[in-house]
Each structure stands twice: as structure tokens, then as C-alpha cells.
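These protein sequences, in sequence, are chains X and F.
To convert, note that position 189 of the first sequence is 189 in the working numbering; the numbers rise steadily by one, no gaps.
To convert, note that position 201 of the second sequence is 201 in the working numbering; the numbers rise steadily by one, no gaps.
A hint or two may mislead.
Calculated cross-link-like contacts (lysine-lysine; reagent style DSBU-like; alpha-carbon spacing at most 30 Å) [said to hold, decoys possible]:
1) Lys122/X <-> Lys100/F
2) Lys146/F <-> Lys92/F
3) Lys52/X <-> Lys122/X
4) Lys158/F <-> Lys204/F
5) Lys146/F <-> Lys122/X
6) Lys92/F <-> Lys122/X
7) Lys146/F <-> Lys158/F
8) Lys92/F <-> Lys52/X
9) Lys92/F <-> Lys158/F
10) Lys100/F <-> Lys146/F
11) Lys122/X <-> Lys48/X
Some chain X residues close to chain F (C-beta under 7 Å, calculated; not the full set) [claimed, not checked]:
12) Ala132
13) Leu133
14) Ala134
Derived by calculation from the structure, the hints in this document are not laboratory data.
Beta carbons are placed, not taken as given, at the ideal position from N, Cα and C, and that holds for glycine.
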Amino acid sequence: MKLLAMIGRTCLGAAETVGGITIVFARILRAMFPPRFDRDETWLNLYKVGVKSYPIVIMTAMFTGAIMVIQSGQYVKQTGATGLLGWGAGYAVLAEIGPVLIGLMFSGRVGANNTAELGTMKVTEQLDALRALAIDPINHLVVPRFLSMMVMLLLLTALGDLFALIGGALTSELILEVDYRVFFHGVFEGHLLDEYFTGLCKAASFGASISVISCFYGLNVSGGATGVGRAVNQCVVTSAIGIFVWDYLITYLAN
Amino acid sequence: MKRRESQETVPYGEIDTTAILDRKPLGDVVLEVHGLTHWFGDVCVLDGVDLTMREGEVVGLIGPGGVGKSVFVKLCCGLLVPDAGEIHILGKDLLALDDKERQELRTRVGLVFQNYALFDFMTVGDNVAFPMRQRGQASEAEIAAKVQERLSEVDLPKVQHLMPNELSGGMKKRVGLARANINDPEFIFFDDPTAGLDPVTSSKIFNLVRRTQEQRNSTCLVISHDIDRMRPVCDRYVLLYDARVRFQGTEQDAMASSDPIVHEFFRAGMVGRA
Ligand SMILES: Nc1ncnc2c1ncn2[C@@H]1O[C@H](COP(=O)(O)OP(=O)(O)OP(=O)(O)O)[C@@H](O)[C@H]1O
Ligand SMILES: [Mg+2]
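One chain only, chain X, in its complex shape:
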């Protein structure tokens, strides 16, 4: 009986969260058509999200590319199929590992920050103050964050892809002693354009889902500093789940 009640409660909670996230998303869409959001705030957020995140994205990407090469290195060395090195690393990174890892970094870095910011504004009544001053927090705060997170995760993933390949090439040159030209030849001959675009598509949807989820948790904080902490925690967990669900869906559709 207790177990049943627990399962019921969990399902209800999940349904409530999904419902709440959907409502936030619907309100964002409504504010975008026709566009009523704050332009200055959007520029500021694009800058904040992009510029602050690129070092960590570049680092993640380079390591990812390098690890892919090391993973396949043993096999390539044994068989001498060095042409496969670039293709293998490129395939894994562009379509799958790159967007997912960068998305997870991004949710921990930008999504959590966003929830904390909005949550603090909520508990200190700054959101109420905005509304009292005739400014809709959705137009002023949420839509700019949504747009900038979506656009920036897309751009950062494109950038990350590049650095992942560079990381892979460097590793193959330095550790496996495979010429970097051979590596890039493998990448370009592999016809990975489809994978590249699938990856970017994933990045954009990850960006959208991270921003909606983080805004939802931020706007719904209750109960002071502990409430903000809890919301940040839930945001990171739910964002990760969102990333994997989208990843699954898009991979399924693309194949």
C-alpha cells in the first residue's frame, strides 16, 4: 500500500512538473509571436551566456575528441586502418557525444545559474516588483534567456565540434603518431554532414529545454535560500533527463 502511494505521488509530481514546464513554454511562445520581449535584455543575455561559457565548452570538446581517438587507437593500431580514426571520432563526436556533453556542461553552468538568479528574484519579491511596475517577467526575463540559451548552445556546439576535431587530430598526431592530415582526411571522406546537422539540431533542442526547465524551476521557487538550493538541484537533474529524452527522440527520427 505504501509503495503504491509512493508510486502515485511520484507520478503526480512528474505530471505536475511536465505540466508546469509546458505552461512556461507556451507563455514563452506567446510572447514571441508577435515579438514583445525585451531586446536589450536579450543582447545582454546572449553575451553573458556565450562569452562566459566558451572556455569550458572548448575544454570539454577538446578532451572529448581526444578521448574518442585514444579509445579507438588500440584497434586502429592493431589493424592499421588509420583512415578510420578520423571517421570514428568524427561520427561519435558530431552526432552524439559532443552535443550531449556540451549540453550537460551547459545545464550545469548556465541552467543552474539561471534558476538561482530567477529563484532569488522570486524570493526577494523582485519578480513581484517587476509585475507591479507593469513589466511582464516572461517578456522581460524569460524570453531573452530562452532565446540566448538556445542560440548560444547551438553556436557553442558548432564551436565545440571544431575543437573536438582539433583535439582528436592533436591526440592522433602526438600519441598515436598518425598524421593529422590522415585524421582530417578520414573526417571529410566520412560524409559526416548529416551527423553534423543532427548534432546541431540536438544542441538547439537541448538549449530550448534547458532554458524552459531552468526558468520553470526559478519562477516556482518558494521558501527562501533553501528553496533556491532545492530548485537548482531539481533543475540540473530534470535538464539532464530532458537532454537524454531529446537525444533519444532526435536520434530515433534521424535514423
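Starting from the known structure of chain X, fit chain F with the ligands onto it as the hints suggest.
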């Protein structure tokens, strides 16, 4: 505070409107609240509260801590949605407005928050300028002049470039006051504007309330525990007690009332809740 079971009528609450109307000419009704009821979970904070205010009137809303004064004000600004009741403000039925109309109405209503609610990511100057800038009807030069004027009114002419966390509690309060005032609202709610201020500044703030009212004929609802300093400002008082309006009227009415709780409030200031 649980909902009261008995629906006993409170005999102390009659408003002597003639006395008020005699004192100075008042305009149209600008706030009409009827049967306002609000619950938090299973706690009834407001239980059928009625209030009518006329243009140019300054009403003091008093009551013990935690009785629901701030909740009342937030309901009147549309920041909370009541469980029952009607709110007509500046001729609009607040609960029937769509988003755009509510937005429009809010540009005509000012609110000073009890705990400041300053935007901590902008400077004090930007905080005060924000509502005006967002309206987009004034040039930067006009905005700067108005910000300077409003900040001087609250005795803070030199803090524009500071961030809110560099101010004391009382200074934040006054910045909140300047911000609420910048768009010359027709109706202003002051939620405890003098909490944490020294006596001299408190008096200045109440004078400012009076002056604002006189210059622009705006209507003000002032929440405060400082009945002594409210005296020269308020035309009439409303005492919230136990989720209801316990008393409405002038100080003379309060003194003439036979309700011991009303007496206690006006004689000794605050009483703790039993
Ligand atoms: N968000 C909320 N959730 C649950 N209960 C709340 C909430 N906000 C206020 N309350 C409750 O409503 C009651 C009234 O609160 P309110 O802030 O209006 O008091 P107040 O009259 O303004 O007190 P004070 O004079 O101390 O400012 C309190 O008992 C409080 O516990
Ligand atoms: Mg209060």
C-alpha cells in the same frame, strides 16, 4: 489563524462618511473592495474585507503583525489572486482584466514593498529610472532629471551610482519609495514605508506622502505601525483584526468607539496578537 466559526457582526465598524466628506472635498470612488477573502492553504488570512476609498484620500491601514495587511495590498495590485471578492480600482474591475489591460492599469498604480524588492542587478539610479525607461515615453535627459528629483525628495541625492546591496535598510526603503513614485501614479500603496527609519526620516517620509497627495491629488493607502506619525497624514484609518475589518473611521471615531481593541491600538500603538 483559523477561519472564525461564528459570523458575529462587528458593531464597531460603521464608517462615519459624513465626517470625512465634511473635512475636505473628495473625488470619485477609486478603490472599492468587496468581500475580499484569501486563504493560504487552510489558513484564512482575509475573510470578507470591504474597503472604499475616494480620490485624494489618504487611508492608514493598521493592524497587528501578520494579520494580512501586505496580503491585502498585493491582492489590490493583482500580485495575488483572491479566493473570493471583488476589487475595483481606478474604475477597472481588476479581476476581469486581460493581461494588457492589467499592465496598463499598473502603470497608474504605485507600490512600495515592505521589504524593498529593489532590483539587485542594477544601480540605484537605474532602479528608480526603470519604470520610466520601460514606458519608453521620455528621453534619457528627462529620465535623469526626474530620477534626481525623486531621489532628492527622499533625501538621497548622492546614491545613484551605488548598488542596492551597498545601502542600509532605511535607504533601500526610500529608494523603493522613489521608484514607486517615478511615473506619478494616481494610486499609491505604501507598505510600511517607515519601518527601520529613524524618527526624523520617518516624519520626512510621511510629509512626502502628504505632499505627493496634495500636489498630484493621488490616493494613498499607507500601512504603518507608527500611528503617532501617521496622524497628520491620514484622513481615516482601517483596522484589520482577525482577518476582518474591525474598525474604520477617524481617530475621533476610534476614541469614541466602545471596542477595547480599537482603543488599545490608538492609545498604546501596537498590541501583540493573542
Ligand atoms: N506566501 C505565503 N504563503 C503562506 N502564508 C503566507 C504567505 N504570505 C503571507 N502569509 C501569511 O499571511 C499572513 C499575513 O501576512 P502579511 O504579510 O500580510 O502580514 P502583515 O499584516 O503585512 O504583517 P506585518 O505587519 O508584520 O508586515 C501571515 O500570517 C503569513 O503567515
Ligand atoms: Mg506586511
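- Message: Taking the earlier hints as the rules, which of them does this structure contradict?
- Response: 8, 9
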